[in-house]
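Using the hints, position chain B against chain A.
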Amino acid sequence: MSNEDNSPGMTLNTPLLNELESGPWPSFVKDLKEYSKKRPQIVQLLNQLEESYENKWNYWLGKIINVPGYGGGVIARVSEKADKYPALANFHTVRVIEPPGWVYNTQALRNLADSAERHGAGILQLHGMSGDILLLGFDDNGSMNVAEDLMHDGWDIGGSGAAMRTLQCCVGQARCEMACFDTMKTTKFITDSFIEYLHRPEFVYKFKFKLSGCGNDCGNSIVRSDMPIIGTWRGPMQVNQEKVAEFIDEKGMEYLIDNVLTRCPTRCMSVRGKELKVEDSECVRCMHCINVMNKALKPGKDRGVTILVGGHRTLKIGDTMSSVLVPFMKLETDEDLENLKEFIERVWEFWNDNGMDHERIGEFIHRVGMATFLDGIGLEPDPRMILRPRTSPYIKFEELAPTRFGGEQAQNPKVWNRESEGPETAD
Amino acid sequence: MSERPMAPRDQGAPDYTQYLHPLMAKNYGKWDYHERLRPGVLVHVAESGDKLFTVRAGSPRTMSADTVRKVCDIADKYCEGFVRFTTRANIEFLLGDESQLDGLINTVEQDLGWPVGGTGPSVSNIAHTQGWLHCNLPGTDAAGSVKAMMDDLIEEFKSESFPNRVHLSTSCCQINCASHGDISVIVQHHHPPRINHDNMQICELPKVVAICPAAAIRPAVVNGHESVEVVQEKCMYCGACHGQCPSMEIRDANTDTLSIWVGGKMSNARSAPTFMKLAVWGIPNNPPRWPEVSAAIRRILTAYKEGGKDWERLGEWIERIGWQRFFEKTGFPFTKYHIDDSPEALSNLNRSAMVRL
Numbered sequence: 001m002s003n004e005d006n007s008p009g010m011t012l013n014t015p016l017l018n019e020l021e022s023g024p025w026p027s028f029v030k031d032l033k034e035y036s037k038k039r040p041q042i043v044q045l046l047n048q049l050e051e052s053y054e055n056k057w058n059y060w061l062g063k064i065i066n067v068p069g070y071g072g073g074v075i076a077r078v079s080e081k082a083d084k085y086p087a088l089a090n091f092h093t094v095r096v097i098e099p100p101g102w103v104y105n106t107q108a109l110r111n112l113a114d115s116a117e118r119h120g121a122g123i124l125q126l127h128g129m130s131g132d133i134l135l136l137g138f139d140d141n142g143s144m145n146v147a148e149d150l151m152h153d154g155w156d157i158g159g160s161g162a163a164m165r166t167l168q169c170c171v172g173q174a175r176c177e178m179a180c181f182d183t184m185k186t187t188k189f190i191t192d193s194f195i196e197y198l199h200r201p202e203f204v205y206k207f208k209f210k211l212s213g214c215g216n217d218c219g220n221s222i223v224r225s226d227m228p229i230i231g232t233w234r235g236p237m238q239v240n241q242e243k244v245a246e247f248i249d250e251k252g253m254e255y256l257i258d259n260v261l262t263r264c265p266t267r268c269m270s271v272r273g274k275e276l277k278v279e280d281s282e283c284v285r286c287m288h289c290i291n292v293m294n295k296a297l298k299p300g301k302d303r304g305v306t307i308l309v310g311g312h313r314t315l316k317i318g319d320t321m322s323s324v325l326v327p328f329m330k331l332e333t334d335e336d337l338e339n340l341k342e343f344i345e346r347v348w349e350f351w352n353d354n355g356m357d358h359e360r361i362g363e364f365i366h367r368v369g370m371a372t373f374l375d376g377i378g379l380e381p382d383p384r385m386i387l388r389p390r391t392s393p394y395i396k397f398e399e400l401a402p403t404r405f406g407g408e409q410a411q412n413p414k415v416w417n418r419e420s421e422g423p424e425t426a427d
Numbered sequence: 001m002s003e004r005p006m007a008p009r010d011q012g013a014p015d016y017t018q019y020l021h022p023l024m025a026k027n028y029g030k031w032d033y034h035e036r037l038r039p040g041v042l043v044h045v046a047e048s049g050d051k052l053f054t055v056r057a058g059s060p061r062t063m064s065a066d067t068v069r070k071v072c073d074i075a076d077k078y079c080e081g082f083v084r085f086t087t088r089a090n091i092e093f094l095l096g097d098e099s100q101l102d103g104l105i106n107t108v109e110q111d112l113g114w115p116v117g118g119t120g121p122s123v124s125n126i127a128h129t130q131g132w133l134h135c136n137l138p139g140t141d142a143a144g145s146v147k148a149m150m151d152d153l154i155e156e157f158k159s160e161s162f163p164n165r166v167h168l169s170t171s172c173c174q175i176n177c178a179s180h181g182d183i184s185v186i187v188q189h190h191h192p193p194r195i196n197h198d199n200m201q202i203c204e205l206p207k208v209v210a211i212c213p214a215a216a217i218r219p220a221v222v223n224g225h226e227s228v229e230v231v232q233e234k235c236m237y238c239g240a241c242h243g244q245c246p247s248m249e250i251r252d253a254n255t256d257t258l259s260i261w262v263g264g265k266m267s268n269a270r271s272a273p274t275f276m277k278l279a280v281w282g283i284p285n286n287p288p289r290w291p292e293v294s295a296a297i298r299r300i301l302t303a304y305k306e307g308g309k310d311w312e313r314l315g316e317w318i319e320r321i322g323w324q325r326f327f328e329k330t331g332f333p334f335t336k337y338h339i340d341d342s343p344e345a346l347s348n349l350n351r352s353a354m355v356r357l
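Chains as they are written, first to last, in our numbering: chain A, 1 to 427; chain B, 1 to 357.
These are calculated hints, taken from the structure and not from any lab test.
Be careful, since some hints might not be right.
[Stated by the list, open to error] Straight-line C-alpha distance at most 20 Å; calculated EDC-like pairs for lysine to aspartate or glutamate:
id, chain 1, residue 1, chain 2, residue 2
1, B, 309, A, 21
2, A, 298, B, 151
3, B, 77, B, 66
4, A, 298, A, 332
5, A, 316, B, 204
6, A, 316, B, 10
7, A, 295, B, 35
8, A, 81, B, 249
9, A, 301, B, 198
10, A, 301, B, 229
11, A, 37, A, 21
12, A, 33, B, 310
13, A, 30, B, 109
14, A, 251, B, 310
15, B, 70, A, 34
16, A, 63, B, 111
17, A, 298, B, 340
18, A, 243, B, 32
19, A, 316, B, 50
20, B, 30, A, 114
21, A, 251, B, 66
22, A, 316, B, 310
23, A, 341, B, 292
24, A, 81, B, 252
25, B, 70, A, 254
26, B, 30, A, 302
27, A, 63, B, 151
28, A, 298, B, 50
29, A, 30, B, 152
30, A, 298, B, 47
31, B, 26, A, 332
32, A, 30, B, 10
33, A, 37, B, 66
34, A, 316, B, 66
35, A, 243, B, 35
36, A, 316, B, 32
37, A, 38, B, 66
38, A, 33, B, 32
39, A, 56, B, 292
40, A, 243, A, 254
The shape of chain A in the complex, shown without the other chains:
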C-alpha cells in the first residue's frame, strides 16, 4: 500500500469532529482537516475517528513489527475497518528518541516533519507521555524507511516493551538557575551507555528513568519513573542577605513569614531584622523558599543527586511512589557517571534475576521487601530511606534466630550497637 493511495470518492464526513474546530484553543481537527487536502489518507483517519466519536468505540488493534536490528520502537496499529479505510490497514507509530530537555533547532524539526511526510501520514506528536517524539501513520515499509532515513540523519528510534524506555529530563542547566546537576548530559549518558537495553527488550518489564535538576521535579520523576535522579546539594544553601532585605522591602515581612518561613516543611528558617537565618542541617532541599526568593536564595555549592527507586502507576498492585535509595551521590566527573552506570547495573541485575514476568521494580520491592532488595544490590540501610521504622514485631533476625539444623549460633551478637559500615555508594 502506498501512502499516496486514496479510495476514489472518499470525502470527509465528520459532523461530530467539526464541533472541535470552534473555540479558542488550537484544534488538531482543524489542522488535520486542512492537511488532509494534500494527504488523502488523513481523510480516512478522520472519518474513522468520527465513527469512534459516533459509536464511542475504538477501531485500532496492535500487532508486532520491528525495524531490522531492533526489538522496539515501532508501535504497530492496524485498523479493524481496513476494508472501508484501506489507508489505515497499517498505520503505525514510530517512536524517536527526543533530544534531552526537548530542545530543537528548526533544521531538526523540519527534518522530522519531512521524514514523517515522506514515508507516512505526516502527523507528529510533541511529545509522547514517555518523552519520545511520536511520528504517526506508517505502513510496514514506511516504518522501515522512515527509521532508515531518521537514522541516516542522526536520530535513533525509541523504546517499547520490556525494555529501558526513552529517558526524559527537565531543561536543567541549559536554562535554569536551580538545576543542581547536568540533567541533559546525564540523560544522554544513560541512554547511550545502555542503548542495547533500550532497543532490545530483555528485562522482566519496562524500566523508566526520569531526571530533574532539583526537587521541583519538572521531569515528573518520583511519581512517573522507576528510577528518578534528582539534583540536590550538601551543606549550606547560598543566601544573599542584601537580596533578602530587598525582598522584605518589596514584599513585606508578613509575606516572608506567611509564604516562606511557615511554609518550610522543617521550619528551618527564622528572621532577625532583615537577616534570614537557615538551619542548614534541618533543610530537606524541598526548593520552596528558593522558588519564592529565587534572587536571594540558591542551592548550595556542593551539589549532586538523590537517587530513588520504584515509581509507577496503578497496574498491578496499586500506585507506587519512588522512595530514596541513594541519599547523595556526586555526579560531576566522568568517573561519577561511571559509578552511576555501575550502580544501575547492580540494580538491574538483582531485579532481572529475581523479578517475575511483568513485575515493575517497585512491585518487586513491594514483594520481597526493601531490606531484601538492599541486601541484593549491596547497599547498606540508611534512615533517610524511610519515614519511620516498622511497627510490626514479627521479624526474622538473622543474628538471633537459633540454628535448627546443626551448627553453632553466634554468641552474644552485638546487633544493638553494631557500627554501620556506611553506604557503599559515595556519600
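Coordinates of chain B only, in the frame set by chain A:
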C-alpha cells in the same frame, strides 16, 4: 532505498548541544535568576548579565508536518531557529532580543493560533494520551476532550490567578499513561471482560492469568479450546487483561464512565509528592465535547481559587481544609466509593479524634 547502505544502529540520544540557543550554550550552568514578565513570558538572567526570553504557548500536541513548518518559520524569524517543548506539551520560543517580544507573541497568537501563557500560577496545558486517534485500548478520546476542556479554561491558561500552578491530565483507560495531576480525568469500566473464547490463540494465556491484580483469571477449557475464565466476584474491571490480550474486551460504550481525581503533585516543594484522590465518579463519556467534565473541573477550580492560600497546590489546600470541606465547597457528593479499600486503605482513614464539627 535499496542501493543505500543500512543506516547506523544504536546511535542513542541526539547531540543536544547543537540544539541549544546560543545564549543557552554560552550560559550553560551559569544562570542567576528568572522572572515572569507577564503570563507566558519568562526572562532568565545569567551571571554574565545575558538575558534569555521565553515565550510559552499551548500546543495541540498532535500536529501536521505543515504546522511544524509554520512553527519553524516563526522560530527562524524571531528565535535564531531555537525552540523547546515542555513536559505538558507547551512550546517555548527562545529569543535574546527583548524588542522582538511583542512581534513574536503576536505572530504566535495570531498566525499560529496558539495561546501564550501556562506560566506560574496558571492552568497549564493538559498532559494527555493517545485516545481513539491511535491507541489500541482507549475507552474515550484524549485530544478531543483536551481541546474542549482547554477551550473552557483558556483564560486560566493566559492569566496567573490561582494560588499555585494547576497541572491537568487526561487518560483514556485505567492504565493512566498521562499519570497524576492536580486534576485528572480517567475512564472507568463497570463490568468484567467479555471473553472471546474462539480467539484466545492470539494471546499468551499464562501472561493473561499472571497480569490480573485480583487473581481473578484462571485457565479453563471452553468448547474444547484452551482459554481462561474470570471469577466475576473478584474482578475489579481494571482492564489489565485487556492490555495483555485483545480477546478480553473490557470496554462497553454504553456503560463506561469518566471520573475526576484531585490532589496529585509531582513536586517536593513544601510537602512530599502525592497521588491524586477520587473526587467525582460516574460522569458520562460524552463526545464530542464532554461538557459534564468541563463543568465539574470548573467547579473544583472555582473553589480552589477562592479558598487556596498563596503557594498552596490544590491537594495542599484540600489537606488543610479537610476533605469534608472540599465536598461541601464543590457540592459533589461524598459516597462509600470514596473510602479506600486498597492495601493502603487503613492508613487513609481518619485515625484520630480530630474532627471538624
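Structure versus earlier hints - violations, ascending order: 1, 2, 6, 9, 10, 12, 16, 17, 19, 20, 21, 22, 23, 25, 27, 32, 34, 36 and 38
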